[in-house]
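Enquirer: Listed below, chain by chain, are the residues.
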Amino acid sequence: MRSCLILLGMLVLPALVCASDISIERAVAAVDNGIIVVDADAELNFSADAIAALESGVRLVFTLDIRIRKPIRYFIDRTLFSTRHRYSLERHALSDQYILTDLITGDRRIQGSLAAAVDNLGRIRHVPVAERDAVDLPAESALRMRLRLDIESLPAPMIPIAYVSPGWYMSSGWFQWQAAL
Amino acid sequence: MLLLTNSIGLLAFAVLIGINIRRLVAQLRERQPGARLTLRMLVIFVILAVVPVTVLYGFSLDFLRRGVDSWFDVRIGAALTDSLELSREALDLHMRRLLARTERMADELEQGPPQRTTLNLDALRSPNSIVVASNWTPGPNRLDELRGRSGAEELTLLSSEGALLGSSSQTGELLPQLPPQSVLAQVRHGQSYIRLDPVKRGNLAVRVAVAANLPQGRRILHALYPFSSRINQLAESVESAYAQYTELAYLRDKLKLSFAMTLTLVLLFSIVTAVWAALYSARRLAAPIRDLAEGTAAVAAGDYTMSLPVESNDEIGFLVHSFNEMTQRIGQARREVETQHEYLDSLLRQLSSGVVALSSDAVITTINQSAVKLLEMNGAGATGASFLELCLEHDHLAPLHDALSPLINERLEHWHEQVTILASDGRRELMCRGTALNITEGGAVGYVIVFENVTAIIQGQRDAAWSEVARRLAHEIKNPLTPIQLAAERLRLKYLTKLGKEDGEVLERLTNTITQQVETMKVMVNTFSDYAKTPVVNKNPVDINPLLTAVVELYRAAHPDARIETSIDESLPPVAADSARLRQVFNNLIKNALEASREGEIAHIIVTTSKVHYAMADHVEIRIEDHGDGIPEALLANIFEPYVTNKSKGTGLGLAIVKKIIEEHNGVVTLRNIEGAGAVAVIRLPTRDQALHPEATQAKDSV
Numbered sequence: 001m002r003s004c005l006i007l008l009g010m011l012v013l014p015a016l017v018c019a020s021d022i023s024i025e026r027a028v029a030a031v032d033n034g035i036i037v038v039d040a041d042a043e044l045n046f047s048a049d050a051i052a053a054l055e056s057g058v059r060l061v062f063t064l065d066i067r068i069r070k071p072i073r074y075f076i077d078r079t080l081f082s083t084r085h086r087y088s089l090e091r092h093a094l095s096d097q098y099i100l101t102d103l104i105t106g107d108r109r110i111q112g113s114l115a116a117a118v119d120n121l122g123r124i125r126h127v128p129v130a131e132r133d134a135v136d137l138p139a140e141s142a143l144r145m146r147l148r149l150d151i152e153s154l155p156a157p158m159i160p161i162a163y164v165s166p167g168w169y170m171s172s173g174w175f176q177w178q179a180a181l
Numbered sequence: 001m002l003l004l005t006n007s008i009g010l011l012a013f014a015v016l017i018g019i020n021i022r023r024l025v026a027q028l029r030e031r032q033p034g035a036r037l038t039l040r041m042l043v044i045f046v047i048l049a050v051v052p053v054t055v056l057y058g059f060s061l062d063f064l065r066r067g068v069d070s071w072f073d074v075r076i077g078a079a080l081t082d083s084l085e086l087s088r089e090a091l092d093l094h095m096r097r098l099l100a101r102t103e104r105m106a107d108e109l110e111q112g113p114p115q116r117t118t119l120n121l122d123a124l125r126s127p128n129s130i131v132v133a134s135n136w137t138p139g140p141n142r143l144d145e146l147r148g149r150s151g152a153e154e155l156t157l158l159s160s161e162g163a164l165l166g167s168s169s170q171t172g173e174l175l176p177q178l179p180p181q182s183v184l185a186q187v188r189h190g191q192s193y194i195r196l197d198p199v200k201r202g203n204l205a206v207r208v209a210v211a212a213n214l215p216q217g218r219r220i221l222h223a224l225y226p227f228s229s230r231i232n233q234l235a236e237s238v239e240s241a242y243a244q245y246t247e248l249a250y251l252r253d254k255l256k257l258s259f260a261m262t263l264t265l266v267l268l269f270s271i272v273t274a275v276w277a278a279l280y281s282a283r284r285l286a287a288p289i290r291d292l293a294e295g296t297a298a299v300a301a302g303d304y305t306m307s308l309p310v311e312s313n314d315e316i317g318f319l320v321h322s323f324n325e326m327t328q329r330i331g332q333a334r335r336e337v338e339t340q341h342e343y344l345d346s347l348l349r350q351l352s353s354g355v356v357a358l359s360s361d362a363v364i365t366t367i368n369q370s371a372v373k374l375l376e377m378n379g380a381g382a383t384g385a386s387f388l389e390l391c392l393e394h395d396h397l398a399p400l401h402d403a404l405s406p407l408i409n410e411r412l413e414h415w416h417e418q419v420t421i422l423a424s425d426g427r428r429e430l431m432c433r434g435t436a437l438n439i440t441e442g443g444a445v446g447y448v449i450v451f452e453n454v455t456a457i458i459q460g461q462r463d464a465a466w467s468e469v470a471r472r473l474a475h476e477i478k479n480p481l482t483p484i485q486l487a488a489e490r491l492r493l494k495y496l497t498k499l500g501k502e503d504g505e506v507l508e509r510l511t512n513t514i515t516q517q518v519e520t521m522k523v524m525v526n527t528f529s530d531y532a533k534t535p536v537v538n539k540n541p542v543d544i545n546p547l548l549t550a551v552v553e554l555y556r557a558a559h560p561d562a563r564i565e566t567s568i569d570e571s572l573p574p575v576a577a578d579s580a581r582l583r584q585v586f587n588n589l590i591k592n593a594l595e596a597s598r599e600g601e602i603a604h605i606i607v608t609t610s611k612v613h614y615a616m617a618d619h620v621e622i623r624i625e626d627h628g629d630g631i632p633e634a635l636l637a638n639i640f641e642p643y644v645t646n647k648s649k650g651t652g653l654g655l656a657i658v659k660k661i662i663e664e665h666n667g668v669v670t671l672r673n674i675e676g677a678g679a680v681a682v683i684r685l686p687t688r689d690q691a692l693h694p695e696a697t698q699a700k701d702s703v
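Quick note, the sequences are listed as chains A and B, same order.
Letter by letter, the first sequence follows residues 1 to 181 in our numbering.
Letter by letter, the second sequence follows residues 1 to 703 in our numbering.
If we strip away everything but chain A, and leave its shape as in the complex, we get:
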């Protein structure tokens, strides 16, 4: 019976879910030594389900999508460049510490508490996006950024539930700002 109800929920709920547990407070872009870099501050509120999973050794993967777009009047903006960074957050049981790893560079940041680890995840600093000269940028570029939990990276049995549970739908939505690069 429970299965049937969840299945029914799976058919109905996804389109209705719009809870956002990640919010990007601020984002800036600058050119540093010919590289477009982005700094941002995001606030993450983990649901009880996510915390329980993390404490149980489940690794959570977050993706940071950044896009540089060219505004086109009376039409949809054209994406000039897009990049994706992936971070994983996991608990090391023996040391009782939380490890935040940049899955592209392999950099690890070890935090003694979950709060510190989450705070660290939200402090996005000096994230490279693209080489300035490689992209034909307009005078004023539109940048978009989104930080979200990658449900597909969760263990397989959790994926269906994560798709229909608001507690697992963690995404900041697209945060957009203008920058002259």
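Don't read these hints as lab results, they were simulated from the structure.
It is possible that some hints are incorrect.
[To be verified] In silico contact screen, one side only, chain B against chain A (beta carbon under 7 Å); selected entries:
id, residue
1, 196
2, 253
3, 255
Don't be surprised by glycine CBs; every beta carbon is placed ideally from N, CA and C.
Following the hints, position chain B against chain A.
Expert: This is chain B only, laid out in the frame that chain A set:
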């Protein structure tokens, strides 16, 4: 993705089933043929499909639940937790020793020379910074010595704000692994920091940070102590086993739920597919049966052109094929029957005899036009009505009912009966011949009765008989009359002079009487002779009006006290007639009318001529109406026969001769009483055209 695809498929099937079920419900409400059969088959198919699948689902779910539960054991979980705890305790002892060692190093540093190199910590954190690489000048110093003695992998001296003051590393890396800000904050608050640190994957180290109060100020000594590879290996093993087990334990319910959901989805998909397949199959199977039902309904409604498509070669296809063959044969037979029926109808129409077919309960199944005319009944409502009841409804057919009723009820195979009815044109003699229709072996199921109007034949026979009587009478009587008359005259001449006056007068009177009576007898014999004589009719176009007026004027002159009225139709067409013989007719009838007047009353006669449409043809009608006592009912039926009269005088041949002359002119004469106002004689003579071309009228009648 799989889930989404399944869900969309499930929804699509559900919608499809919904539409089909709605259509089926509509068909059931409209009581369409085959709808109930489709429903029955659908229910059977669904039960057959759903029950085993549901049972299998229940068992599979239980099996899965038990299977997943069997993966986990409380003792294993406890053992793993204990092993982790044991590892921690073992490492904790080692870590406390390392803390004490680091604190001793901090004390030693407090006594040594201060470090002068100052580096910006933030600059060092930046991957693009080159400050460290350009300014760092390693060399033998105090930190190296302390690190060498302590066995630390890395020893770093930091300011209380985190600025790197000095560093010594075993690996020779330029940049030391700096502690996080939280560690520095803890030390700044006077608490030493020691913790196991997974520096790299599968590589544990002990991170220690203690305060060192140097003369130059408060500093932080940070050390990293590595573990041996064996301990690292064991720690990694414990960590990974514990992590995997706790993750699996966490996923236990979700795993069961996930499997259950997958199974449920499969179940729903199977059920939905089965229901749809059942709907489809039931519809497909019921389709030819529905077609057959519709076909039989059409056949029942009389449509034999219905042909169903043969879509399969199985038993249903054979049935449909047989149905088509049956409808074709029925249609063909029906066409043949219709053709035969039309032929029979045509034949019956052409017959001058009346034909009536009756069912076993004497209901009229077929009646031809001649029968309707002969019996003078309403032909429109005759078919389907009881023949005997119909006879009772018409007064003039009462004799027919009385005569035929016992014959029909007795179910005799063959019978014939002559019945006399009083039709509108007078007495009508009908010869009725009945034959039982032995259609089935069960016996007579009906009758066919043929009516023939034998009035003319009988009348002819009767007239011929009377003519013969008259001729013989005239011959036998006329011969002795002349000798009687001559003898009487001779007797008178011979003895009148010889007798005395008195006897002479007696003789005179007696011989006169004989002579007069002989003359009267001669007149009577001549009349008989005239009646018996074969007529020589010399027909010419005759205008009735002047002929009739002339006769009327003669009687007006002879009977000035009589009131003779005439109503003449000036547009009267001529008739083909012998004017001399018609004059005789008019004479007889007007004379009769005058004689019929009541004694002491002024004779009142109305003579009328008009044109009428009678028996599908134009006729000239002559009516001679008197206002006497009328004709006694007993005589009315035979009034035109010889010697039928209500007068004390006369030969009784007047009306018989009238009828004979009118029939010689193909006309009809009737005599009937007017209620309370005497009698009327009606003569109808065909117009000249009708008389010359009677076949045209017959043709029209047949149409």
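Enquirer: Under the constraints set out in the numbered hints, which ones does this structure not fulfil?
Expert: 2
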